[in-house]
Amino acid sequence: MADPVYERILSQLKLALLNDCGCEDTLSRAEEGARDAGLSGIDIDAALCKRSFDVRTAAVLAFGCAIRNGDPVARDLARERAQALGLTAEELDFFTSFVSEFRGLTR
Numbered sequence: 022m023a024d025p026v027y028e029r030i031l032s033q034l035k036l037a038l039l040n041d042c043g044c045e046d047t048l049s050r051a052e053e054g055a056r057d058a059g060l061s062g063i064d065i066d067a068a069l070c071k072r073s074f075d076v077r078t079a080a081v082l083a084f085g086c087a088i089r090n091g092d093p094v095a096r097d098l099a100r101e102r103a104q105a106l107g108l109t110a111e112e113l114d115f116f117t118s119f120v121s122e123f124r125g126l127t128r
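Numbering of the sequence shown is given in the working numbering, commencing with residue 22 and proceeding in unit increments.
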């Protein structure tokens, strides 16, 4: 999924997952990557608050954050919402893997 759309979504998801990170270097690298993926400053700020102006991306952020937080109820609700917005099971599996890998790297 090297599609530029996925790069933007993954950049936003990474920022949402790092929203409570206290490491300036880590946040700076994530923000730089988001800018390289074409995100504006306001998109970056929104992602750091676990939000997006795009409803599908917002659904991915909610889904990813629920996985990160280990909240199965929120995860299932976010999955249902994402699927209602047109995301496929394959795409959600991809984002699940991304979050799982990301969690492993940040522990």
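Mixed in with the good hints, there may be bad ones.
[As the list claims (entries may be wrong)] Quick list of simulated restraints, FRET-style, between CB atoms:
1) Cys42 <-> Gln104: 25 to 31 Å
2) Ala110 <-> Val76: 31 to 37 Å
3) Glu53 <-> Gln104: 16 to 22 Å
4) Asp24 <-> Ser61: 17 to 23 Å
5) Ser49 <-> Glu101: 31 to 37 Å
6) Ala110 <-> Ile63: 17 to 23 Å
7) Gly59 <-> Val94: 18 to 24 Å
8) Asp46 <-> Arg124: 16 to 22 Å
9) Cys70 <-> Arg50: 25 to 31 Å
10) Arg102 <-> Cys44: 14 to 20 Å
11) Ser121 <-> Asp41: 24 to 30 Å
12) Glu53 <-> Gly107: 16 to 22 Å
13) Gly91 <-> Phe115: 25 to 31 Å
Honestly, the hints are just simulated from the structure, not real lab data. Positions of the beta carbon are idealized from the N, C-alpha and C atoms, including for glycine.
A quick look at each hint next to the structure:
1. Cys42 <-> Gln104: 25 to 31 Å: 29 Å, holds
2. Ala110 <-> Val76: 31 to 37 Å: 18 Å, violated
3. Glu53 <-> Gln104: 16 to 22 Å: Between Glu53 and Gln104, where Cβ atoms are some 32 Å apart, the hint is violated.
4. Asp24 <-> Ser61: 17 to 23 Å: 19 Å, holds
5. Ser49 <-> Glu101: 31 to 37 Å: Holds: the Cβ-Cβ distance is about 35 Å, inside 31 to 37 Å.
6. Ala110 <-> Ile63: 17 to 23 Å: 31 Å, violated
7. Gly59 <-> Val94: 18 to 24 Å: Given about 34 Å between the Cβ atoms, the range is violated.
8. Asp46 <-> Arg124: 16 to 22 Å: Since Asp46 and Arg124 have Cβ atoms about 19 Å apart, the given range 16 to 22 Å holds.
9. Cys70 <-> Arg50: 25 to 31 Å: 19 Å, violated
10. Arg102 <-> Cys44: 14 to 20 Å: Cβ of Arg102 to Cβ of Cys44: about 31 Å, so the range 14 to 20 Å is violated.
11. Ser121 <-> Asp41: 24 to 30 Å: 18 Å, violated
12. Glu53 <-> Gly107: 16 to 22 Å: 30 Å, violated
13. Gly91 <-> Phe115: 25 to 31 Å: 20 Å, violated
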